[in-house]
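Peer 1: If you want the building blocks of each chain, they are given just below.
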Amino acid sequence: MTRKRPQPKGAYADFMARAYAMELEAVERYAQFAEQLDSHNNRDVAEMFRKLSKVEALHAKRILEEMGWPSVPALPVAFAWETPEAPETAPFESLHYLMQPWHALEIALQCEVQAQRYFEEIAAGKAPKQVREAAAEMAEEEREHVKLIRDWMKKVPKPPADWDRDPDPPRMSE
Amino acid sequence: MNAPLQAAPLTAKEFKSDYKPVWCPGCGDYSVLAAVTKALANLALRPENVAVVSGIGCSSRIPAYTSCYGFHGVHGRSLPAATGLKVARPDLTVLVASGDGDGYSIGGNHFLHACRRNIDLTYIVMDNHVYGMTKGQPSPTTEPDWSSKLAPGGTGLREFHPLVIALASGANFIARAFSGDPNGTAALIEQAVRHPGFSFVEVLSPCVTFRPEQRAWKERARPAPVGPTDDPARAARRLMTDDGFNIGVLYQGKRAPYGVPVAAKHAAPESLAAGFALKEVGA
Amino acid sequence: MHDTAASRDSVSLALAGSGGAGVMTAGNLLLEAAALAGYCAIMTRTSGPQIRGGEAAAMLRIATFPTDGQDDRVDVLAAIDWQNVQRFAAELPLAAGSVILGDPEQGQVPEVFARSGAQQAQVPLRKLAKGIADGWPNMVALGVLAGLVGLPAEALERALRRSMKKKGLEAGLAAAKLGMAQAAGLPSYALRPAQPRAGQWLVTGNEAAGYGALHAGVRFVAAYPITPATELLEWLPPAIVKVGGAMVQAEDELASINMILGASYGGVPSLTATSGPGLALMTESIGLGVAAEIPIVVVDVMRTGPSTGIATKAEQADLNIALYGMHGDAPHVVLAPNSLADCANATAWAVQIAESLQVPAIVLSDQYFGQARGVVEAPVLPQTIFPRNRATGSDTYKRYAITESGVSPMAIPGTRGTTYTADGLEHNERGLPSSQAADHLAQVEKRARKLAQFDPGEDWATVEGEGDTAILTFGSCTGPAREALARARADGAQARLVSVRLLSPAQPERLKRALQGVKRVLVVEQNHGGQFLRYLRADCELQCETHSLRRPGPLPFRPAEILAALGRLRRRAA
Ligand SMILES: Cc1ncc(C[n+]2csc(CCOP(=O)(O)OP(=O)(O)O)c2C)c(N)n1
Ligand code: SF4
Ligand SMILES: [Mg+2]
Chain A
1 MTRKRPQPKG AYADFMARAY AMELEAVERY AQFAEQLDSH NNRDVAEMFR
51 KLSKVEALHA KRILEEMGWP SVPALPVAFA WETPEAPETA PFESLHYLMQ
101 PWHALEIALQ CEVQAQRYFE EIAAGKAPKQ VREAAAEMAE EEREHVKLIR
151 DWMKKVPKPP ADWDRDPDPP RMSE
Chain Y
1 MNAPLQAAPL TAKEFKSDYK PVWCPGCGDY SVLAAVTKAL ANLALRPENV
51 AVVSGIGCSS RIPAYTSCYG FHGVHGRSLP AATGLKVARP DLTVLVASGD
101 GDGYSIGGNH FLHACRRNID LTYIVMDNHV YGMTKGQPSP TTEPDWSSKL
151 APGGTGLREF HPLVIALASG ANFIARAFSG DPNGTAALIE QAVRHPGFSF
201 VEVLSPCVTF RPEQRAWKER ARPAPVGPTD DPARAARRLM TDDGFNIGVL
251 YQGKRAPYGV PVAAKHAAPE SLAAGFALKE VGA
Chain Z
1 MHDTAASRDS VSLALAGSGG AGVMTAGNLL LEAAALAGYC AIMTRTSGPQ
51 IRGGEAAAML RIATFPTDGQ DDRVDVLAAI DWQNVQRFAA ELPLAAGSVI
101 LGDPEQGQVP EVFARSGAQQ AQVPLRKLAK GIADGWPNMV ALGVLAGLVG
151 LPAEALERAL RRSMKKKGLE AGLAAAKLGM AQAAGLPSYA LRPAQPRAGQ
201 WLVTGNEAAG YGALHAGVRF VAAYPITPAT ELLEWLPPAI VKVGGAMVQA
251 EDELASINMI LGASYGGVPS LTATSGPGLA LMTESIGLGV AAEIPIVVVD
301 VMRTGPSTGI ATKAEQADLN IALYGMHGDA PHVVLAPNSL ADCANATAWA
351 VQIAESLQVP AIVLSDQYFG QARGVVEAPV LPQTIFPRNR ATGSDTYKRY
401 AITESGVSPM AIPGTRGTTY TADGLEHNER GLPSSQAADH LAQVEKRARK
451 LAQFDPGEDW ATVEGEGDTA ILTFGSCTGP AREALARARA DGAQARLVSV
501 RLLSPAQPER LKRALQGVKR VLVVEQNHGG QFLRYLRADC ELQCETHSLR
551 RPGPLPFRPA EILAALGRLR RRAA
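Residue numbers (this note's numbering), protein chains in the order written: chain A, 1 to 174; chain Y, 1 to 283; chain Z, 1 to 574.
If you are wondering where the hints come from, they were derived from the structure by calculation, not from laboratory data. There may be inaccurate statements among the hints.
What the hints assert, rightly or not - Derived CB-CB ranges, DEER-like: (1) Y/E143 to A/P169: 18 to 24 Å; (2) Y/A44 to A/M67: 24 to 30 Å; (3) Z/G20 to Y/E143: 56 to 62 Å; (4) Y/A44 to A/G68: 24 to 30 Å.
To be verified - Here are the simulated DSSO-like cross-link-like pairs (lysine-lysine), alpha carbons at most 27 Å apart as the crow flies: (5) Y/K13 to A/K51; (6) Z/K165 to Y/K279; (7) Y/K279 to A/K54; (8) A/K54 to Y/K20.
Yeah, the Cβ is synthetic: ideal placement off N, Cα and C, and Gly gets one too.
Bound-form chain A, shown alone (with noise of 0.2 Å):
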């Protein structure tokens, strides 16, 4: 589902805010699906999440230190995206108890590519300069990450079709 645009904020600052937010938000959903693997036993791709997460949270770290924030910034509205969620944020719902490494981070992948859309479009846009000129840099930055993770995804095992398949039937609990 997709909703308006929100009317686009002028300031720099508000920019970097947003970016940040994206960034946080990625940095908890990778965690939350780590710890959601792990109690189910997957740990490879807890692992897999947790690295994510890690990654994600260099980036934002960065952002911390480039706007001289001592801490979280302010918001100055509760904003929507153009996505459901933030664009760098995995949903709920691609998880699966057997998946394997490659497919978190086919995840990722998808996470990265919509977070280089969102930054072009600005970058592209008609936002004040200083604003279309960070997003151009975090554009190229999502870009590398993109680029990385297809790399990584060369170098783990590509899972085989009947990866979900599971002889035993689901447990019946309450």
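The hints should help you fit chains Y and Z with the ligands onto chain A, whose structure is shown.
Peer 2: Okay, now just chains Y and Z with the ligands, sitting in the frame of chain A:
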């Protein structure tokens, strides 16, 4: 997460407990949990002043995953428990969580009467058109032709329409959310809590284990084309023709919430014995 | 008691008639007059199956000594008319010493009554009433009955002035006076004079239970109507609001029980009242109260079962469901009032135990107590409201902490630092779901320990008398049992009464002590299957010869039946 949500003194994360969900990875209920915690943070509440009451089902596991006071009761009875709690403790913010089996089947009667009573509660039903917890049996909202072990070839029964029922029974706020949009869901829950009286938020929340085809719901869910109405007749027409995927606030009524009679001054219980005493009238 | 006229200590009266005749109004006025004159009295009622109208009878027992039981027979049966009154024959046992009063206009006394050998007398109730402007036959009958038992005219007048509206009062007074004058020509059933006493209440068991609940701190009630608990629920709304509580009418008993669980979880002592069918619906959720350790009180005003049974009559057949109805190991409290006044004490006690042990408590009242209105000594209730063991803020809070007593501090929503989830799922000390054997065992033992360590003191039973024979009973059988024992004693035979108030947790040690030296017990209960007997055998290991006197409702036990059973026991022993 130290999310940049400065309006609220607490963050969504602080509304989560350190107890890890048992839900299947991919389950829509994870987003509902995220949405609930986000809404509570946005509402600037504190966990100790919020109670989350539920019945039994995958969805009903939610209370312990929050840092609020929780009540995980028996199957189908979350609304009565929440009603008693809210009447006894009107100072608390009470959220009620349920599933389509818990809320519409075994607890169906309570749904009607909770709507009718219009107590200031927020009722969140995670609807996945299936009994998840018991391994995939049809629920009241399951499509008639969905085949399962218990109903091979489908039930052949038409689906229950919770929003229409809620409207007809007197709910004061009716919204539909989609777990694929946790932020939108959070916003709807927030509005529901703010709205006085009984607020009903039906959340389409896919069961990836027993209804994997529901992953495709994200293609169908879309914002409702028109804004909320406060006219029940108009809402009824709209809900009756709705395909089940319009997301947003669909009805926002103006009924005054249920008022429990309260005495301005409290008498000592002993004074009640006057009615039994063998005294003459006026003596 | 079998006394000769003019020196009676007890008299039983019944006033029957069709709907519209006003037998209940007259009965209530007679009850009040007796109370004002200083007598003990109790009124029960019976009626046909019709919702409105149809045959009905008010049954009164008036005595010089405290009693809330029925006597062996009806001394005076008066009828304003006889239509279908024969249907009550089983409830209105007459004997040669009884008298039947009829209105000659209303035809023959029905054969079932006539063949009892009771004397017959006639009073033209209708005709006399017609002689007074706005006069009613029931008021004439009231006067006749008051006269027969020797109530002071002044007490009757006070009762009328107290209860009747201005309109009709003068006619009522005149009719009653006329009726009283008629009594002179009839056989006398005059009671020994009584002295008005202070501190008496005129109350039903249902009202008393409601009062006891509020007195003990109940401030939330959820209600779903059911005969014969409805009056308890109907007494409450204005009363609970006055003391600062709240009440909700639920959509069914599944809702009412869960409403009180929710309210009590919120820190407010809570109660509901019902009867057998409702209790059956509630059992799953009472189990939740056990598992999540939420104090609640359920008053079961027992009626004749199973299923819809006889809704308007008593039976003690819900003992099994109250004790054993829950699934799983579910220790909880069951107690039974053993007098009408005790409905207040027992309910208040139930609230206290529930609150102090954080456990559901079931109060087994019954239709007899619940709907009977009687003169009772005002019950003395505990002055303090029992404080629940509450948790205060702590980061290491464990809602279900394993403690020596089994009771752990309960956090009340709104308290910072102690949030937890009350759960019917088995849990660990923190309240988090657990399917570990060790957690289950620890929690099961904790919940059992709370009850095992509970010390009920002397309140667990009413123990009276001595001797090597004892009656073991509970609930509304206690009154007739006590009376049977009094008669036995009057004949020089000693016997004990043990009427158990606290049924669960069972008190085998205390019972053993109470029965020290007893060679034989007679277990008296009002159900067919011997539920109390089986309970005693299973949980209390009775060490003496055990006999059972039991029969199902709806007819209450009468002292002579119990006395006869005691006699058989003794003869067998001799
Ligand atoms: C009295 C009772 N009957 C049956 C069950 C078994 N049961 C547990 S959850 C459930 C259905 C849950 O379905 P739903 O409310 O849709 O929740 P979901 O798991 O789909 O989130 C059933 C039938 C029970 N726990 N208690
Ligand atoms: S069974 Fe379905 S509803 Fe339950 S946790 Fe799994 S995905 Fe969610
Ligand atoms: Mg479901």
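Peer 1: Quickly compare the C-alpha distance for Y/K279 and A/K54 to 27 Å and report which way the hint goes.
Peer 2: violated (81 Å)
Peer 1: Starting from the hint 24 to 30 Å, judge whether the C-beta atoms of Y/A44 and A/M67 obey it.
Peer 2: holds (26 Å)
Peer 1: Between Z/G20 and Y/E143, is the Cβ distance one that fits in 56 to 62 Å?
Peer 2: Given about 59 Å between the Cβ atoms, the range holds.
Peer 1: Need the status of pair Z/K165, Y/K279: alpha-carbon distance at most 27 Å?
Peer 2: holds (17 Å)
Peer 1: Starting from the hint 24 to 30 Å, judge whether the C-beta atoms of Y/A44 and A/G68 obey it.
Peer 2: holds (28 Å)
Peer 1: Using the Cβ atoms, figure out if Y/E143 sits within 18 to 24 Å of A/P169.
Peer 2: holds (22 Å)
Peer 1: Tell me if the straight-line CA distance from A/K54 to Y/K20 falls inside 27 Å.
Peer 2: holds (21 Å)
Peer 1: Is the Cα-Cα distance between Y/K13 and A/K51 27 Å or less?
Peer 2: holds (20 Å)
The structure does not agree with numbered hint 7 stated previously, though it agrees with all others.
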